[in-house]
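Top to bottom, those sequences are chains A and B.
So the mapping is simple: this note's numbering equals the position in the first sequence, first residue as 1, plus 1.
So the mapping is simple: this note's numbering equals the position in the second sequence, first residue as 1, plus 170.
Since the hints were derived computationally from the structure, they do not count as laboratory data.
The reader is advised that the hints may include incorrect statements.
Unchecked claim - Pairs of lysine-lysine residues, derived as DSS-like cross-links and limited to a Cα-Cα distance of at most 25 Å, are as follows:
1. B/Lys205 / B/Lys287
2. A/Lys83 / A/Lys122
3. B/Lys299 / A/Lys83
4. B/Lys205 / B/Lys292
5. A/Lys122 / B/Lys256
Source: prediction; values computed, not measured.
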Amino acid sequence: MLLNRLSPRVSFGRMSRDMDRLFEEVFGASRTPYSRPAAFPALNVWEDGDAFIVEAEVPGLTLDNLGVEVLGNELTISGERKDAPNEVTTVHRRERNSGTFQRTLTLPTEINAEAVEADLKNGILTIRLPKAETAKVRRIEVKPHE
Amino acid sequence: MVNSAIQKNENTTCTPVKTEQSVTWRPPVDVIETKDEVLLIADLPGATAESLDIQIENGLLTIEARVEPRRENAPAYLLREHGATKFARSFNLGDGVNTNAISAEIRDGKLTLHLPKAEAAKPRRIDVKSA
Numbered sequence: 002m003l004l005n006r007l008s009p010r011v012s013f014g015r016m017s018r019d020m021d022r023l024f025e026e027v028f029g030a031s032r033t034p035y036s037r038p039a040a041f042p043a044l045n046v047w048e049d050g051d052a053f054i055v056e057a058e059v060p061g062l063t064l065d066n067l068g069v070e071v072l073g074n075e076l077t078i079s080g081e082r083k084d085a086p087n088e089v090t091t092v093h094r095r096e097r098n099s100g101t102f103q104r105t106l107t108l109p110t111e112i113n114a115e116a117v118e119a120d121l122k123n124g125i126l127t128i129r130l131p132k133a134e135t136a137k138v139r140r141i142e143v144k145p146h147e
Numbered sequence: 171m172v173n174s175a176i177q178k179n180e181n182t183t184c185t186p187v188k189t190e191q192s193v194t195w196r197p198p199v200d201v202i203e204t205k206d207e208v209l210l211i212a213d214l215p216g217a218t219a220e221s222l223d224i225q226i227e228n229g230l231l232t233i234e235a236r237v238e239p240r241r242e243n244a245p246a247y248l249l250r251e252h253g254a255t256k257f258a259r260s261f262n263l264g265d266g267v268n269t270n271a272i273s274a275e276i277r278d279g280k281l282t283l284h285l286p287k288a289e290a291a292k293p294r295r296i297d298v299k300s301a
């Protein structure tokens, strides 16, 4: 389960007056909306011919703390995100998710698990999931009647 | 007043702002204070040191990162939960931060900003002498 740590409301409740002076967010006229996805990690998924591509945002994660598993037509991404700076005296904001997470995605067809490839770069995990042979589109030759 | 304004914004439903070419997202941050510094950690997936622009002007800290599109043509998505072309967020720094000594590093799409406290803002131990 993903631990959504303190909600913004709770952490703001803890913010001291001193911190208001030390560090305060600015909202200008062109402020942008808050971008917290419903589940971690946020995913983009699309079909590329004989494969599905899954692009997951996993900032701060490395190969050591990420797991990718495929079973049938299900993809599971799991891992743990830890940030433990030393000698923390006060936590002013905690908007980033931390702790262990697991997200399972059901794809439209069976996957050839042997041929799955994953690549991690700059906090983006890209997984290429080729469809199983049985799931590929087959063209049926129609012969003209002689 | 300031706090209530922030809260109101924080609880707004998340929807990307769509302009003609770009989608700007406000990245989640952690702000953690230690004895000597304030750490700002931001999730900027896809951003690199080259794509980051961090500026401080009159106590205003602005973090911006452009993320290059990873595909030329947008595919037909089965699921679409991200797609920022730019991350942006601003903070006012108080006098307690030594703005001349701020440093930053980005690794695996995670930005860490070190904001050292000014001497005056550091906790001080008062020695008590026995009479």
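Outcome of the hint check:
1. B/Lys205 / B/Lys287: holds, 8 Å
2. A/Lys83 / A/Lys122: holds, 19 Å
3. B/Lys299 / A/Lys83: violated, 43 Å
4. B/Lys205 / B/Lys292: holds, 7 Å
5. A/Lys122 / B/Lys256: Holds, at roughly 17 Å.
Comparing the model with each numbered hint stated earlier shows that hint 3 is the single one that does not hold.
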